[in-house]
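**Q** Numbering (my numbering), first residue to last: 1 to 360.
Rather than coming from a laboratory, the hints here were simulated on the basis of the structure.
Worth double-checking, as some hints may not be accurate.
Claimed, not checked - Listed next, the in silico PhoX-like pairs over lysine-lysine satisfying Cα-Cα at most 20 angstroms (straight line):
hint	residue 1	residue 2
1	K52	K92
2	K281	K232
3	K130	K82
4	K182	K92
5	K215	K292
All values reported here derive from a predicted model rather than from experimental measurement.
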Amino acid sequence: MEKRYQVFISSTFRDLIDERQAVLKAVLELNHMPAGMELFPAADETAWQLIKDVIDGSDYYVLIIAGRYGSLDEAGIGYTEKEYDYAVQTRKPVIPFLHQNPDNLPREKTETIDSAWNKLKAFRAKVEKKHTCVYWNSSEELKARVIVGLTSTVKRKPTVGWVRADQIPSDATISEILTLKKRVAQLEAEAAESLHNPPDGTEDLVQGDEQFEIKCKFKAGTGSFHSYDDSKYEGQLLPTWNQIFAAIAPSMINEASDHSLRVSFNRFFSEVARREFAQGKQLKGKELYDFKFKDNDIDTCIVQLRALGLIRENVKQRSVKDTGTYWKLTPYGDTKMVQLRAIRKTPIDESIPSKAEQED
1 MEKRYQVFIS STFRDLIDER QAVLKAVLEL NHMPAGMELF PAADETAWQL IKDVIDGSDY
61 YVLIIAGRYG SLDEAGIGYT EKEYDYAVQT RKPVIPFLHQ NPDNLPREKT ETIDSAWNKL
121 KAFRAKVEKK HTCVYWNSSE ELKARVIVGL TSTVKRKPTV GWVRADQIPS DATISEILTL
181 KKRVAQLEAE AAESLHNPPD GTEDLVQGDE QFEIKCKFKA GTGSFHSYDD SKYEGQLLPT
241 WNQIFAAIAP SMINEASDHS LRVSFNRFFS EVARREFAQG KQLKGKELYD FKFKDNDIDT
301 CIVQLRALGL IRENVKQRSV KDTGTYWKLT PYGDTKMVQL RAIRKTPIDE SIPSKAEQED
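With these hints in hand, go ahead and build the complete structure from the sequences.
**A** The structure is reproduced here in structure tokens:
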């Protein structure tokens with residue numbers, strides 16, 4: 001909806017007829033609504049209350065000061081200054097335009113009484129101290145500066161403004177908008193919730209405490225630096241998918257290159273194999289080393305974790321030379337990692353079935 005703003009124009013009148021006309025045209029050319037009470041004989045409380053009501057209903061307050069202080073109220077304060085003080089008190093955005101050289105104005109456009117002139121100087125000083133003022137010398141220059149100043153202030157300090165009655169949504173439209181907003185909020189909440197849950201269709205996939213067979217080959221020796229008795233063995237591990245994911249997930253808290261992720265798989269499988277195979281009678285007391293795992297098994301692990309919605313390829317912008325693949329946890333994967341890796345009061349069983357045999 002296109003907004004229009006009401007702009008209160010405050011100034012003395014008789015000395016600024018041409019200037020006020022220029023400001024009125026400037027406001028109208030911006031499609032806003034000018035308002036001002038300088039023609040109203042503000043001589044009693046009823047009239048002053050009307051002026052305050054008009055200022056209250058305005059969005060912006062434009063102040064024009066030249067060489068006249070203007071008529072006074074019963075307390076000796078000029079009505080222009082009184083309007084200004086009220087606009088400041090009610091926190092209206094004030095846009096002040098001060099004549100550059102009031103001393104050079106014609107006699108009929110300046111104060112001739114010292115007391116009035118001193119009040120004008122004090123009023124100017126008060127405004128200059130509180131605001132960043134714009135200065136002008138002619139009505140044409142004033143008009144141009146009002147257009148720029150008002151446009152800038154509207155952008156920096158947007159207010160309520162006014163709209164045409166036929167642009168206001170009906171009750172039915174408002175009700176429909178509120179219903180749609182509630183639906184959008186509900187869908188956003190569901191989407192946020194789904195990020196921390198497994199994707200649809202994963203219930204048919206092997207996961208959790210179900211096992212995956214990993215085959216490997218390794219060597220075992222009894223001499224220092226494996227200088228003799230380097231026998232070759234092959235074996236198999238049966239880690240669960242939870243154990244696999246819990247081991248490699250921390251490497252992807254930020255992100256992991258495909259190479260570093262595969263290193264994490266190899267490191268985990270090697271540690272498990274060394275620990276599990278060393279318990280057998282045949283290998284007891286020997287040093288196990290040079291573990292090798294099939295690339296195909298690690299490929300299967302990556303694909304399975306991706307299918308389970310635990311990891312995803314990180315596709316953030318990179319340099320043209322960087323053609324590598326990077327992996328990171330999904331929100332669901334991060335939640336699952338925390339569940340598996342958080343320290344528990346009762347430790348979970350981390351044993352992994354294994355079997356090793358010597359090669360011929």
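**Q** State for each hint whether it applies.
**A** Results for each hint:
At most 20 angstroms may separate the alpha-carbon atoms for a hinted pair to count; K52 and K92 meet this at roughly 12 angstroms. At most 20 angstroms may separate the alpha-carbon atoms for a hinted pair to count; K281 and K232 meet this at roughly 16 angstroms. Restraint check for K130 and K82: the C-alpha separation of about 15 angstroms stays at or below 20 angstroms, so the hint holds. The suggested pairing of K182 with K92 is violated, with an alpha-carbon distance near 35 angstroms, which exceeds 20 angstroms.
Between K215 and K292, the direct Cα distance comes to roughly 9 angstroms. Compliance with the 20 angstroms bound is thereby established for this hinted pair.
The structure shown violates just one earlier hint, number 4.
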